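*Asks:* Spelled out, the chains give:
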Amino acid sequence: MLLLVLLLPTVAGLAAFLVRADRTRRTLLVGTALGHLALVAAMWARPPAPAWNRWLDLDAVGLLFLSVTSLLFTVASFYAVGYLKREGHQAHRDFEEGRVFSDAPEARFVGCLLLFLASMTLVTVTQHLGLLWVAVEATTLASAPLISFHRHHRSLEATWKYLLICSVGIALALLGTFFVAVAAARPGGESASMLLADLMAEADLLQPGWLRAGFILLLVGYGTKMGLAPLHTWLPDAHAEAPSVASALLSGALLNCAFVGILRGQQLLGSAGLAAFGRDLLVVLGLVSMTFAAVFVIRQADFKRLLAYSSVEHMGIMALGVGLGGAATFGALLHAVNHSVVKGMLFMVSGNLLAAYRTKSTLAVRGAVRALPVSGVLWLVGLFAITGSPPFGTFLSELTILKGALDAGRWWVAAGYLALLGAVFAGMGRIMVRMAQGEPGEGVAVGQHEAWSAVLPAVVLLGLALLLGLWIPRGLAELLGAAGQVVGGAAWRV
Amino acid sequence: MGWEIDPILVALVLVNLLLLGASRLAACVRLVAVQGVLLGVLALLVQVGWSPWRAVLLAGGSILLKGIVFPRLMWKALRGAEIRREMEPYVGYTLSVLLGLGMLGLTVWVGGRLTLPVPAASHLLVPVALFTTLTGLFLIVARKKAITQVLGYLVLENGIVTFGIALSHEAPLSVELGVLLDVFVAVLVMGIIIHNIREDFDHIDADRLVSLKD
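Chains A and B, in that order, give the protein sequences.
Count along the first sequence starting at 1, add 4, and that's the number in my numbering.
Count along the second sequence starting at 1, add 38, and that's the number in my numbering.
Worth double-checking, as some hints may not be accurate.
Said to hold, decoys possible - Among chain A residues calculated to face chain B with C-beta under 8 Å, some are:
#: 1; residue: Val138
#: 2; residue: Leu145
#: 3; residue: Ala162
#: 4; residue: Ser171
#: 5; residue: Ala175
#: 6; residue: Ala185
#: 7; residue: Phe399
#: 8; residue: Leu403
In short, the hints are calculated from the structure, not lab data.
No experiment lies behind these values; they were computed from the predicted model shown.
By construction, the Cβ of each residue, glycine as well, lies at the ideal position given by its N, Cα and C atoms.
Working from the sequences, and respecting the hints, build out all of it.
*Replies:* Laid out in structure tokens, this is it:
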């Protein structure tokens, strides 16, 4: 079953490169996404058997992030089909500079989307640190062509930054993986296994010095990919220049996968009795990320960059939550789910705004509610969903993290956290409300009809975000609790 | 068996220093190719004693990719871009070499203090690995051409792989092959991007990619 869930998107992705007919290819995309989702749903009912000598084994953390990824991908695939239909095959005029550009072949875009899903699936299902590294690097390579889909120089620049910065980061993560291998090596020279379960079983024999150094490198490496400041510099460019559906997946699914890499490191530290070391680093990086985001969100002139910096903020919140431990770990994992759902939805809506207004400038977009009755309202509601207002799920998870900070008696961390949340709320609120209100400018029709494929996926995701704020299904709560325990948090229930 | 591999390790250090001082791109490509071949031979010598098949497979793969395939890709990119001229780096060549010597001293010092739990094939292995890694990072930061940054990435990767060879008991074959494959694809994708950048901008200077900022 684990092999099947890996093979399905891989084979479909390779096939998509060869399919000539648009219709067939788009059907393949949606069909594969649905098939993937069905397989993941079946795993909830019956845990899959380990495969490949336990290199592939699904634990609670893996199942949680696999489910989020699969769900978001499925919803995004419907949006993608509509997007590709509207985009067509003709050349386009660049909004910002008036030059004409063409898109990369659609077959490449769809193929890379599916391979991207396959690589993210591998990240979540593997228990082997080496294979985890291979999988995270594969996500970079599969997603790079998505960012440069529009062939103009800004997207190329963003892709170049993304590839270079993430590849260097990931190379450091490989060094970190080797350091962990050194920490696990026995004086006798016999081969040590890089399986998490084996490493954790003999955790007290791990060399603490090498393990600490290895964790720092893993944190820097995967942290680069996750967008933790100050290593986030690729993130706003890539998210702003990629087509909106790719941005949604980068932000909602890819960053989570990098987070899985860090969680695996923290898991290992925890079993070796060094949990506090990793947690302190995570708290610092988390607060630094939130600060960077708050600074860049205020006065942001590009609404896709605004959402990208908001992702930096939320990654910071997740790192902070795991760093605080206890109930906050549960909150951080719940927050990962909430963030994926809401940010995916917001990026899709930003794509609709971009198509209608033909600009990414926050100042040029006015009266979104009147121009696009559905997307405009979604944009406004999405603001509250992303900034953690009740009754949305983000409110619950951010509150849980606050509770974790207070429980641990870390008043300064709690105060800083609240202040930064407030700053980001004010910054995003001012910009996004201004975009939604007022009259649309010249050249933008009022009350435009929107295609169902452009708005329905966003509505579905917003509905989920609302649902998670009102009621967390028991299965999900149990899974979150189990995942929290895996990474060293206390068991805690809503 | 230190005496067998020490000459190769010294050669790796020399290649690094030459790279720091090299201004012609074609020479840089050639040096990185030499480094790839050296690395393959190193893997062969360290591992052949206890696992011949694996050693031959990995060394062969490394030599084939890093010694032949990558240089060809690079040369193609160079020819396409029609750039052979001197680079204009952020950090000058003489200074780069001097800094390189400083990094070498630092890594020897650090390498002496890091104790490996398993006896390494040579006491030079860890310092050389770290020095190569640092050289790669330095090249990425201190050079402007996109193609030199790719070369820097390769050197960085070579350093990390050297470290992996130092503890080759640990990482199983499939992971190493996966690493090799990933690096291969990374270079390929970067090559394609360089190609596109050139078509779009008529230059491949990464420092002129500056339109995206806050």
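*Asks:* With reference to the structure, classify each hint as holding or not holding.
*Replies:* How the hints compare with the structure:
1. A least Cβ separation of about 4 Å between Val138(A) and chain B falls short of the 8 Å threshold, and the interface hint therefore holds.
2. At about 5 Å, the closest approach between the beta carbon of Leu145(A) and any beta carbon in chain B falls short of 8 Å, and the interface hint on this residue holds.
3. A hinted interface residue such as Ala162(A) counts as satisfied when its beta carbon comes closer than 8 Å to some beta carbon of chain B; here the least separation is about 6 Å, so the hint holds.
4. Taking 8 Å as the C-beta contact cut-off toward chain B, the hint placing Ser171(A) at the interface holds, the least distance being around 6 Å.
5. Interface hint at Ala175(A): satisfied, since its Cβ lies 5 Å from the closest Cβ of chain B, which is below the 8 Å cut-off.
6. Satisfaction of the interface hint for Ala185(A) is found here, the shortest Cβ-Cβ separation to chain B being roughly 4 Å, below the 8 Å cut-off.
7. Hint on Phe399(A) is violated. Least Cβ distance to chain B is approximately 28 Å, over the 8 Å limit.
8. For the restraint placing Leu403(A) at the interface with chain B, the shortest Cβ-Cβ distance is roughly 31 Å, beyond the 8 Å limit, so the hint is violated.
Checked against the numbered hints above, the structure breaks hints 7 and 8 and satisfies the rest.
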